[in-house]
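Enquirer: Residues per chain are reported as follows:
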Amino acid sequence: MDFEALYREERPRALATLIRLLGDFDLAEESLQEAFAAALQKWPRGEPPRNPRAWLVSAARHKAIDRIRRERSLAAKTAEIAYLGGGAVSPSELADEPFPDDLMRLIFTCCHPALALEAQVALTLKTLCGLSVEQIARAFLVSPATMAQRLVRAKGKIRAARISYAVPGSDDLPERVDGVLRVVYLVFNEGYGDVRGRHDLCREAIRLGRLLRTLLPSSSEVGGLLALMLLHDSRRAARHDKSGDLVTLEEQDRSRWDRGEIEEGRLLAEEAVRRGGVGFYALQAAIAAVHAQAAEATLTDWPQIAALYSLLLRLHPSPVVALNHAAAVAMAEGLERGLRLVEELEAGGELAAYHLLPAAKADILRRLGRRADAAGAYERALQLVTSDAERLYLERRLREVSGAG
Amino acid sequence: MKYLLLIYESESVGNGLSEAERGKIFQEYMDYSRGIRRSGNYLGGQALQPVSSATTVRVKDGKTLTTDGPFAETREQLGGFFLVEAKDLDEAIRLAAGIPGARTGSIEVRPIMPTPPVD
Numbered sequence: 001m002d003f004e005a006l007y008r009e010e011r012p013r014a015l016a017t018l019i020r021l022l023g024d025f026d027l028a029e030e031s032l033q034e035a036f037a038a039a040l041q042k043w044p045r046g047e048p049p050r051n052p053r054a055w056l057v058s059a060a061r062h063k064a065i066d067r068i069r070r071e072r073s074l075a076a077k078t079a080e081i082a083y084l085g086g087g088a089v090s091p092s093e094l095a096d097e098p099f100p101d102d103l104m105r106l107i108f109t110c111c112h113p114a115l116a117l118e119a120q121v122a123l124t125l126k127t128l129c130g131l132s133v134e135q136i137a138r139a140f141l142v143s144p145a146t147m148a149q150r151l152v153r154a155k156g157k158i159r160a161a162r163i164s165y166a167v168p169g170s171d172d173l174p175e176r177v178d179g180v181l182r183v184v185y186l187v188f189n190e191g192y193g194d195v196r197g198r199h200d201l202c203r204e205a206i207r208l209g210r211l212l213r214t215l216l217p218s219s220s221e222v223g224g225l226l227a228l229m230l231l232h233d234s235r236r237a238a239r240h241d242k243s244g245d246l247v248t249l250e251e252q253d254r255s256r257w258d259r260g261e262i263e264e265g266r267l268l269a270e271e272a273v274r275r276g277g278v279g280f281y282a283l284q285a286a287i288a289a290v291h292a293q294a295a296e297a298t299l300t301d302w303p304q305i306a307a308l309y310s311l312l313l314r315l316h317p318s319p320v321v322a323l324n325h326a327a328a329v330a331m332a333e334g335l336e337r338g339l340r341l342v343e344e345l346e347a348g349g350e351l352a353a354y355h356l357l358p359a360a361k362a363d364i365l366r367r368l369g370r371r372a373d374a375a376g377a378y379e380r381a382l383q384l385v386t387s388d389a390e391r392l393y394l395e396r397r398l399r400e401v402s403g404a405g
Numbered sequence: 001m002k003y004l005l006l007i008y009e010s011e012s013v014g015n016g017l018s019e020a021e022r023g024k025i026f027q028e029y030m031d032y033s034r035g036i037r038r039s040g041n042y043l044g045g046q047a048l049q050p051v052s053s054a055t056t057v058r059v060k061d062g063k064t065l066t067t068d069g070p071f072a073e074t075r076e077q078l079g080g081f082f083l084v085e086a087k088d089l090d091e092a093i094r095l096a097a098g099i100p101g102a103r104t105g106s107i108e109v110r111p112i113m114p115t116p117p118v119d
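For the record, the sequence lines run as chains R and W.
Going by this note's numbering, the first residue of the first sequence is number 1, and it counts up by one from there.
Going by this note's numbering, the first residue of the second sequence is number 1, and it counts up by one from there.
What the hints contain is simulated information worked out from the structure, not anything from laboratory work.
Treat each hint with caution, since some may be false.
[As the list claims (entries may be wrong)] Label-pair ranges, simulated between beta-carbon atoms:
{"id": "1", "chain 1": "W", "residue 1": "THR64", "chain 2": "R", "residue 2": "GLY348", "range": "52 to 58 Å"}
{"id": "2", "chain 1": "R", "residue 1": "PRO144", "chain 2": "W", "residue 2": "ALA102", "range": "45 to 51 Å"}
{"id": "3", "chain 1": "W", "residue 1": "ALA102", "chain 2": "R", "residue 2": "GLU118", "range": "54 to 60 Å"}
{"id": "4", "chain 1": "R", "residue 1": "SER170", "chain 2": "W", "residue 2": "GLN49", "range": "50 to 56 Å"}
{"id": "5", "chain 1": "W", "residue 1": "ASP31", "chain 2": "R", "residue 2": "ALA116", "range": "30 to 36 Å"}
[What the hints assert, rightly or not] With a straight-line cut-off of 27 Å between C-alpha atoms, the simulated DSS-like cross-links for lysine-lysine are:
{"id": "6", "chain 1": "R", "residue 1": "LYS42", "chain 2": "R", "residue 2": "LYS63"}
{"id": "7", "chain 1": "W", "residue 1": "LYS2", "chain 2": "R", "residue 2": "LYS155"}
{"id": "8", "chain 1": "W", "residue 1": "LYS87", "chain 2": "R", "residue 2": "LYS155"}
{"id": "9", "chain 1": "R", "residue 1": "LYS63", "chain 2": "R", "residue 2": "LYS157"}
{"id": "10", "chain 1": "R", "residue 1": "LYS242", "chain 2": "R", "residue 2": "LYS157"}
{"id": "11", "chain 1": "W", "residue 1": "LYS2", "chain 2": "R", "residue 2": "LYS157"}
{"id": "12", "chain 1": "R", "residue 1": "LYS157", "chain 2": "W", "residue 2": "LYS87"}
{"id": "13", "chain 1": "W", "residue 1": "LYS87", "chain 2": "W", "residue 2": "LYS2"}
For every residue, glycine included, the Cβ atom is placed at its ideal position computed from N, Cα and C.
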């Protein structure tokens, strides 16, 4: 039996139920760990139980009670064990999908807006994805001690402020779902924005996206976010050249895109758009789907992309969206027109510290053949850029427009 | 579970209000208090005199030191509080959001530490 796969599959749901039963994140995690260790010993030798999750929850609950018996004083113990309902979990209580709401409870608790965003992210990766403190610390470039402290503080606040282990009511639900999506998207971008080797974060975010979709199948934003992540992830193999340098969308070898992810993402994006009520994620997914459909960069349906960006700009006005819109207009309706939009944004001053503004302007100027102006804009972008991969790209473009010819 | 809802507002904003505006806010607070009394959440609540009336006290080496003014100079000042009973943080946040001062200032929601019964 593939124990690793079973662990991945069963862990989040089993843990979610245990946290509810035990009322304590740490106790639930530790006892579930022990239950898995016991299963690893036991199952390979005989038939695994018909319902492994029910077995794990039941075993972990007994281990938790044993632990409390060992660790607590007699007086405190009696009260606590009574609270845990010391008896065996009845089989009917642990039917095939014992507590479908528990996973939702866990997700909404980890992503509760009363927790700091970075704590929400850490807690989600730790409990829902089962990443170790060391793995999360590495992913977010902090020391394991700092990350451990962040998790302790978050769990402490859940306890002390009594953040409820509950699915929000219908009034609060849309806002709370947005909060969960923000955490998942942040995890994805943290992995995607990095040049090398943090694909594990993208993979976890996509797993979370799939999980959310099974729990909230009718939300077009949930489907939209999953589509967006899949469509971006499909370009992974083409995003860097052999030496690890960033390759722009336009220059990517599209034969290296992951067709499976594109197909899945495209269907999800279409479904989200058909369902209506499209928002931030579904619209971006639709844009990514249009890019994915072009077999070559020159075949990109820019008018459709520009139209989608203008819709996005209306629903979620922000200078960054406006910049993307301007770049799409440049390709769809004419470089001069796009340039004017970029210059308007420049005059607005809101993106004064954002390297992609001069970079976008430089790209348009380069296409217009205004090499000296383009060089100036690339130089400005280089003063602002912070990522090494983007710096290399901008330097290469600067060399091109500054070179002889 | 008990929560203290601390109402922070810029006193300078309040000082600039007309008599009528002040009366309206007072009425809003009366309505709010009545509402949370009726719902059973209310345990207590008071408005505070401005920070210009505050005195900060510390005892160092057995000696009492007093200074004029609040503990810390901040952009918004503690102007009052409600002590409420709520089933969880979500309910406490809903109660906090209903306080008139939440629209013009900020409400800090602090869970009260449970204390063991004293014999």
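Enquirer: Evaluate each hint against the coordinates.
Expert: Here's how the hints hold up against the structure:
The hinted range of 52 to 58 Å is satisfied by THR64 (chain W) and GLY348 (chain R), whose Cβ atoms lie roughly 57 Å apart. Taking 45 to 51 Å as the suggested C-beta distance range, the pair PRO144 (chain R) and ALA102 (chain W) does not conform, at roughly 39 Å. Between ALA102 (chain W) and GLU118 (chain R) the C-beta distance comes to about 25 Å, which lies outside the given range of 54 to 60 Å. Separated by about 42 Å at the C-beta atoms, SER170 (chain R) and GLN49 (chain W) break the suggested range of 50 to 56 Å.
Here the CB-CB span from ASP31 (chain W) to ALA116 (chain R) is close to 34 Å, well matched to the stated 30 to 36 Å. Between the alpha carbons of LYS42 (chain R) and LYS63 (chain R) the distance comes to roughly 15 Å, so the proposed pair stays at or under 27 Å and holds. Note on LYS2 (chain W) and LYS155 (chain R): the hinted pairing holds, with a Cα-Cα distance of about 19 Å set against a maximum of 27 Å. For the suggested pair LYS87 (chain W) and LYS155 (chain R), the alpha carbons sit about 18 Å apart, so the restraint of at most 27 Å is met.
Only pairs whose Cα atoms come within 27 Å are accepted, and LYS63 (chain R) paired with LYS157 (chain R) is accepted, the gap being roughly 25 Å. Using a Cα cut-off of 27 Å, the hinted pair LYS242 (chain R) and LYS157 (chain R) is violated, with the two alpha carbons roughly 46 Å apart. Restraint check for LYS2 (chain W) and LYS157 (chain R): satisfied, since their Cα atoms lie roughly 15 Å apart, inside the 27 Å limit. Taking the CA atoms of LYS157 (chain R) and LYS87 (chain W), the gap is about 16 Å. The hint holds against a cut of 27 Å.
For the given pair, LYS87 (chain W) sits about 8 Å from LYS2 (chain W) by alpha-carbon distance, which is consistent with the 27 Å threshold.
The structure fails to meet hints 2, 3, 4 and 10 from the earlier list, while all remaining hints are met.
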